[in-house]
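Colleague: Read top to bottom, the protein sequences are chains A and B.
Reminder that position 125 of the first sequence reads as 125 in this note's numbering, one-by-one numbering, no gaps.
Reminder that position 95 of the second sequence reads as 95 in this note's numbering, one-by-one numbering, no gaps.
Wrong hints could be hidden among the right ones.
[To be verified] DSS-like, lysine-lysine: derived pairs with alpha carbons at most 25 Å apart: (1) A:Lys164 to B:Lys201; (2) B:Lys61 to B:Lys247; (3) A:Lys99 to B:Lys247; (4) B:Lys160 to A:Lys25; (5) A:Lys164 to A:Lys222; (6) A:Lys99 to B:Lys226; (7) B:Lys160 to B:Lys201.
[To be verified] Listed below are several chain A residues computed to face chain B (Cβ distance under 8 Å; list not exhaustive): (8) Ala23; (9) Pro45; (10) Gly66; (11) Ser68; (12) Glu104; (13) Ile128; (14) Ser129; (15) Leu158; (16) His199; (17) Asp226; (18) Asp255.
Since the hints were derived computationally from the structure, they do not count as laboratory data.
Idealized CB from N, CA, C, for every residue including glycine.
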Amino acid sequence: MIIGRKVLLLLLTLLFSVSSAGAVKIEISAPGEQEIPLALTSFLPMGTAQPEIAAEINAVLQADLGLSGLFSLVDRASFLSDADKLGLSSVLVDFSQWKLLGAEAVIKGGYRVEGGRLIVEARLFDVISRRMLTGRRYIGKPEEARRIAHTFADQVMLSMTGTKGPFSSRIAYISNRTGKKELYLMEVDGHAPIRLTNHRGIVLNPDFSPVGKELIFTSYKKGNPDLYRKEIYAGREARLSHRQGLNIGGRYSPDGREIAVTLSKDKNSELYLLGTDGTIHKRLTNHWGIDVDPSWSPAGDKVAFVSDRRGNPHVYIVDVDSLEVKRLTFDGKYNATPAWSPNGERIAFARMENGSFDIYTIKPDGSDERRLTFGSGNKEHPRWSPDSRFLVYSLDRDGEKAIYLMRADGTGNRRISAAGGDDSHPAWSGYW
Amino acid sequence: MNLPKKQSWRRLHSRFEPGFKRMLLLSVAIHFLVPVLYTGVLYFSPPREKPPVYRVNLVNKPVKNPQAGRPEASPKKKKTVTKAKPKPKPVVKSKPKPAPKPKPEAKKVVKPKPKPEPVAKPEPTISKAQEQDFQQKIEAMRREKEREDRLAALRAELEKEREKIAAETPVGEVTGKGDEEGIAYASFVKAFITEQWRLSKYQLPSLNLEAEWKLIYNAEGQLIHKKVVSGSGNKMFDDSLLRAIMKSQNLGRELEEQTEFEVTFNLREMQN
């Protein structure tokens with residue numbers, strides 16, 4: 001009994017003596033700086049100098065990494081001699097110089113053009129631990145310098161966050177630069193826009209396939225709003241659904257096997273699931289209200305959509321299997337164009353308040369609603385980047401429509417479509 | 001034939017060694033008590049309150065027993081009494097001779113240049129849309145300038161307030177009860193490490209992360225031991241802490257004695 005008591009006492013003493021006697025406790029509840037100081041050096045020639053290639057790579061990296069929100073760029077004017085050395089491995093980098101400038105990360109690289117090929121070596125180093133975080137060699141054509149830079153920016157994001165960046169993906173959108181609304185494709189920074197359709201009518205609501213380089217969209221080419229599919233590189237086009245009435249708002253399921261779309265063949269706008277051959281697989285809604293703008297959950301088990309079944313347009317969620325419908329939004333009088341983030345955590349949508357639309361996001365359970373945009377103009381049609389970090393949307397202000405990008409918290413707004421065209425209805429591809 | 005319950009219990013009881021019952025009870029009690037004490041079910045832990053934030057002036061010396069004061073205050077300069085210097089005796093200077101007046105130069109006659117013929121200015125060809133665009137850009141620049149001016153005014157006001165605190169209050173800790181002019185070790189080390197810590201919220205999937213480190217600094221302010229007590233489970237977060245601690249190897253100030261710190265890192269101030 002005495003031994004038992006002693007054992008118990010010892011155990012209790014050990015339990016309460018968790019912390020060392022005399023240790024000073026400190027709690028630090030935020031970092032001193034919320035951006036990583038990054039030194040972005042100019043890529044150096046490993047053969048004949050072609051400054052335009054280095055300048056292009058630098059400009060793209062600066063824009064992409066600036067948009068990421070991760071970094072503050074160290075002033076290039078303060079760079080010391082190590083910036084002029086190639087330094088493709090950590091033993092060749094003078095980290096003490098970069099530490100002196102306050103940098104915690106440095107990007108170095110080189111390029112050469114031989115036999116019509118562009119070869120780029122790119123490295124990201126951690127200045128404090130003096131090691132390489134990521135290094136890549138890219139081989140392409142000289143005119144692909146921008147694409148190479150975007151790819152490396154994605155790699156930098158992967159190193160710094162664990163998730164690949166979206167900078168080498170694509171954005172589709174509608175523009176009336178030719179006088180008619182046609183479908184266009186551009187890079188994430190707005191560069192290299194190309195026209196994909198020549199329907200000479202009205203083209204709307206593009207959406208990328210998750211499995212191939214193709215798009216679906218609605219077009220009035222034959223006089224009726226029909227659903228089309230187009231292969232981006234081959235150029236082949238097919239009419240998927242041309243039922244009488246509306247065939248609008250087509251959205252691919254996450255596995256690419258089905259398409260959620262609004263059809264009005266039964267004299268009312270309802271949501272249906274079509275196969276990729278256009279056949280109807282299932283009817284999702286059956287209500288006198290108008291049901292439009294479907295958006296899939298990343299798990300493929302639910303679809304968010306807009307309905308006026310309770311009077312005003314609000315966002316609802318329908319379970320694909322049980323067809324149970326739940327209401328998501330309750331505030332505001334007009335909520336539209338929902339877009340479910342690829343990571344499943346939030347749904348973006350547009351709400352009209354005081355006569356203009358702004359972008360909001362909300363959790364799928366209806367909690368934590370946040371307004372992302374402010375100021376004049378209508379901001380609509382939000383769509384997510386494949387990594388769920390960014391949103392693209394159309395802004396209609398002072399009679400001009402343009403495509404804008406922002407981070408998922410509403411910061412970092414920037415225009416990406418060129419001036420001179422009414423650009424709207426963007427769609428963001430998956431990883432390209 | 002079935003034995004009565006009492007008899008069968010006695011039979012079972014007799015099969016065990018003496019004292020076994022006591023040891024069994026002790027074992028059960030310990031197995032019950034340890035998780036209860038660990039989870040804190042029995043004792044009340046008040047909710048963690050956010051402590052008030054004071055900006056620490058790292059110029060000040062870290063001391064063991066700081067006096068009552070503010071950690072952002074600057075040390076007051078001591079007034080030194082100097083003896084008044086004796087006035088020098090006036091020296092009588094001889095008057096210097098006046099300089100001779102310069103001879104007036106003959107004025108040059110300049111012929112007026114012929115006026116150039118006026119050139120007709122070309123009329124500007126700006127479309128209405130371009131003019132509108134230009135006006136919008138001017139308006140946007142004006143709004144941006146106004147915003148920057150407002151920010152600059154606010155920053156200047158804040159700086160004035162800080163200088164006021166620095167000038168009027170002694171260097172110390174708000175809860176200080178000692179007699180040394182300086183700031184507490186904990187405040188100094190906390191401010192120093194915070195300054196070295198760089199982390200972007202865009203690197204993290206969540207702001208609910210916490211890690212604990214044990215750091216030992218010697219009396220010269222050098223880090224002589226570091227150890228992770230518990231990681232956050234997120235590599236980006238934990239790597240950022242390692243970098244911050246590596247940059248905090250040398251505090252740049254002496255501590256009066258070797259001190260061990262238990263540092264908890266989290267992102268509570270970044271959470272909405």
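Colleague: Name the hints, by number, that the structure is in violation of.
Modeller: Hints 4, 5, 7, 9, 10, 15, 16, 17 and 18 contradicted; others consistent.
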